[in-house]
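Trainee: Letter by letter, the chains look like this.
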Amino acid sequence: MEGRGVSDLQDDALLPLLRDEATRRDAFNKLVLLYQRPLYAFIRRMVTDHQVAQDVLQDTFIKAWNGIGAFRGEARLFSWMYRIAHNECISHLRRLRRVAFSSDEEMLQQLTASMDHGEHFSGDEIQRRLQEAVMRLPDKQRAVFHMKYFQELKYEEISAITGTSVGALKSSYHIAVRKLEDWLTNNGGHGSNQRQARTS
Amino acid sequence: MAHETRNDGPERIAPNLHAIPKVDPFLVPDGFFAQLPGRVAERIDLETHVPKVIPLWRRPALQRIAATFMLAIGVAYALLTLLPHTQDTQDLGTWSPDEQDLWLMGWDEPAMLADLAILHGYSDPDDPLNLLTDHETLPLYLLTEETWP
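Each protein sequence line maps, in turn, to chains A and B. Position 113 of the first sequence, counting from 1, maps to 120 under this note's numbering, and the rest follow consecutively. Position 25 of the second sequence, counting from 1, maps to 813 under this note's numbering, and the rest follow consecutively.
Extracted from the complex, chain A is given alone in its bound form:
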């Protein structure tokens, strides 16, 4: 589990410091330290490539800094930070699709190629295949899958992040799991490899 990595207590301690202009800068530095790992894990899963993930993560923190003065605490800091990261991922992927690639398939190939040739991927073949399968999900569905499956957030938390109802999220997650299972089954998933090994 990649988890949230940030507790409510840590958020509660940071909030008053972030609201006070005199302490905002130091508090924001603490916020970066607190959130950089869980947000990076989420973003990296979404975009695959480290360099892209780094850009999106920095943009996320800059957006947070620009908006922190207006943050009144209606949402939890955790949800707010994840919401910014989520939106940055979606808009970055949309931009990539529009500017750099002529089709979804081309973008998928490019991003999965970064796993094959990049030095920042340690997964075996099945991990690579899983990531490729996940990359085939629509962006928003992929985000829901990551938050639920890998980061093990509650539906209520994901709902606060994405602004989608819990019912719709459950449905979206269920469909994503089905799609992944189908793809893994038809493209030599882990289980089918094991079954092939047992029968041979």
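All clues stand as given, with none of them false.
Only pairs whose alpha carbons sit at most 30 Å apart, straight line, appear in this in silico DSSO-like list of lysine-lysine:
#	chain 1	residue 1	chain 2	residue 2
1	A	K177	B	K810
2	A	K37	B	K810
3	B	K810	A	K147
Simulated from the structure, these hints should not be mistaken for laboratory data.
Position chain B relative to chain A; hints supplied.
Mentor: Relative to the frame of chain A, chain B by itself:
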């Protein structure tokens, strides 16, 4: 059971997916997380100290309308003030020496010019100041004795 509830039982509906270990296969370059807060702080400094230039077409509609309005006023002002001067300058070269003297005298001796205008009915005798401020817009024939109507 708790795990099953947490993940909506993917082992039942998705055995292939469930069989894949939940590990994070993505590596991060050494020192990345140690350097990131500094990089973010640098960007914040840049954004704080350098005023952000937002192109007009990306600004809110109200600002675009106001800017267009101001621009239109500026262009209109330039047309109204600069063009007549240009015309005067061009015409000055074609005038006779007497015409030029009278025209220049109008600038230096506005009171005299006002008297001439009042004399020939081109200004209100009770309020000659109107003419004094606007004397440069007077018709040329007012300034040259030969062509007075």
